[in-house]
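Chains B and X supply the protein sequences, listed in that same order. Anchor point for the first sequence: position 183 equals 183 in our numbering, and the numbering is continuous, going up by one each time. Anchor point for the second sequence: position 12 equals 12 in our numbering, and the numbering is continuous, going up by one each time.
It is possible that some hints are incorrect.
[Claimed, not checked] Just a few of them, taken from the derived set where beta-carbon distance is under 7 angstroms, the chain B residues facing chain X:
1. Gly74
2. Pro77
3. Met107
[As the list claims (entries may be wrong)] Keeping only pairs whose Cα atoms sit at most 20 angstroms apart, straight-line, the calculated SDA-like set for lysine to any residue is:
4. B:Lys110 with X:Tyr186
5. B:Lys79 with B:Met95
6. B:Lys110 with X:Gln182
Since the hints were made in silico from the structure, they are not lab data. This structure is a prediction, so every number in the text was calculated from the model and none was measured. Cβ coordinates follow ideal geometry from the N, Cα and C atoms, glycine included.
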Amino acid sequence: MQKEIEITGLNKSFGQGASAFHALSGIDLSIGSGEFFTLLGPSGCGKTTLLRIIAGFEEPSTGVLKINGKEVTGLGPSKRPINTVFQSYALFPHMSVADNIGFGLKMLGKPKSEIKSTVAEMLQLVRMEAMADRLPSEISGGQQQRVALARALAPRPRVLLLDEPLSALDLKLRKEMQSELKRLQAETGITFVFVTHDQEEALTMSDRIAVMSAGEILQLGPPQEIYNAPVNRFVADFIGDTNFLILRVKEIGNGEAVLELPGGRQASARLPESISPPVGSRVTAVIRPEQAEPTAAGQGEMQAVVEAATFFGTDTHLHLLLDDAQGFVLRRQNRPDQPSPAPGTRLGLSFAPGALRVLED
Amino acid sequence: MARARFSITQLPGFGLIAIVTFVMLYLPIIILVMFSFNEGVSQSRWEGFSLQWYQAAFNNTQVRDVSLRSLWLAVTASGLATVLATLAALGTTRVGRFPGQTMIYALINQPLMVPEIVTGIALLIFVAAIKVQTGYTGMGYLVAAHTAFCIPFAYLPIRARLETLDHALEAAAADLYASPIQAFRYITLPLMVPGILAGFMLGFVISLDTVVITEFVKSAGQDTLPTYMLGQLRRTVTPEMNAIATLFLALSLVIVTAFFLITRTRGR
Ligand SMILES: Nc1ncnc2c1ncn2[C@@H]1O[C@H](COP(=O)(O)OP(=O)(O)O)[C@@H](O)[C@H]1O
Ligand SMILES: [Mg+2]
């Protein structure tokens, strides 16, 4: 895969000396050409700052940023083959939809005829042909979003940066725009760097995700890997729902640990390469709520009592108490022939090998 | 049961105070306008409708001269003030925070805080000294004084407009390959236009209206409409003055109305 963006040893701090604030520390990543890459993290973790550095609105304090193999330090935003879809859209309020879309081409000095045909093509791409002559204030939020996309795509940048582009839309429109964005990316082949704080959005849309916290990248990988093999407590907690269990190590070997479960049975769990806890110590292990199954009492790996059941339409969350009083949430798909167990019911829990994982902590 | 919310309109005497206020504000003006149409010379006894005082005012070459001078001065001074205020507003809102920014605001707004009479006397002494040194007695002094006086009035609406403009718009322009000059030409400037027009009109009305500054700075034969009217009032008061004042009022009303219409249309 050809590298479109390469970032090595990047740091960014605001302010000087002791009061300096480190917004980004030790960022290393490379983004492939045509990739849908997502920066995911809670508000304030530095996503926008990283995006602004890539776009050229900020300079890194230290580190190297290469775009298409060339170092771009010192080049302003108007000198980089990158366009941005701003969080607030930033449509020019005094220009029609068509003039907004054509602005980049006009600034590049393209001939009128070419601008006209590209604008028409972009309007069609985002399905806004009928709105070409409207002002931004005369179209809906979802439509403004499409215009912002078309405007950024029109100059055919190598990379498109999107800063939480969907956060202002309501749920239904957001789902619609998610597939719209995937379609646009597939059709144009442009590299997308997408910022979101919504883990579900990140999981459904991305080729790869960088999970960020407090200015650092904690884990980088495809959605399945991030979800199934979170490296630490923060990632496990931030992505999806998770049961955390404190368990004693009985044996170590072969990249796995044998753990003692509540109730006395044993199960093996994958161990991250970075740690090797001593036998007898306690570690944090995780199981996703949908990766365990209820069985008859006395069977399965662990025993539990139902405390409460919450109905969610497609599934029910069973809040359980394990034998050693640790809490556990189980997600079970609803079926008409399987009523949810009443509080106080005893049941067993079984889980597939590989569902239990030890965290770095 | 919920108590009705407190409302100032329910206080005893509210209606009376409101009526007295409106009478104080508008009755003198209504009387002034009314007697501009009086048949006779009296300012207190109605003798029938006539346009003779308007005719007299139009035929009075002195009135015509001072009116044209006032308009010319107001356009020139307010125009210059608007250009300077636009630059000042860009400097104070578009380059990020810098040390001494609050100080700069205070300096720009100085004429709003210093009593006009103080400015007037200061200008009188200052201008007199220059006149002695250079011998120049043209309109330059009035233009300079009015321009300085109009700057804060032009500055306020322009700055207010700029502050409502999202910085992301300029960032978006740069992102779409616009040079700083192109970003200003195609994005910032067109979006500032309502503020600039409002600033110009406010400056225009202020310049048209000021008596004190003009009185202290003008040389012989440089009367503006307000200083001319003041001079005339010291002698005889005929309803011709009412007619001139009424026309003056009409002009101000037109401009102030236009100002409100322009500032009300947001984002175009
Ligand atoms: N220009 C700046 N000066 C000082 N601090 C800043 C500046 N820009 C961002 N920050 C700080 O850097 C941190 C990361 O901000 P940001 O990148 O906007 O986070 P995110 O987009 O992930 O919510 C925040 O704590 C923010 O206050
Ligand atoms: Mg942000």
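Taking the hints in turn, this is what the structure says about them:
Proximity of B:Gly74 to chain X is violated relative to the hint, the smallest CB-CB distance being about 15 angstroms (cut-off 7 angstroms). For the restraint placing B:Pro77 at the interface with chain X, the shortest Cβ-Cβ distance is roughly 5 angstroms, inside the 7 angstroms limit, so the hint holds. Interface restraint check for B:Met107: the shortest CB-CB distance to chain X comes to about 4 angstroms, inside 7 angstroms, so the restraint holds. A C-alpha spacing of about 16 angstroms is found between B:Lys110 and X:Tyr186, which places the hinted pair at or below 20 angstroms, so the restraint holds.
At most 20 angstroms may separate the alpha-carbon atoms for a hinted pair to count; B:Lys79 and B:Met95 exceed this at roughly 24 angstroms. For the hint linking B:Lys110 to X:Gln182, the alpha-carbon distance of about 15 angstroms falls within 20 angstroms, and the restraint holds.
Of the numbered hints stated above, those contradicted by the structure are hints 1, 5, listed in ascending order.
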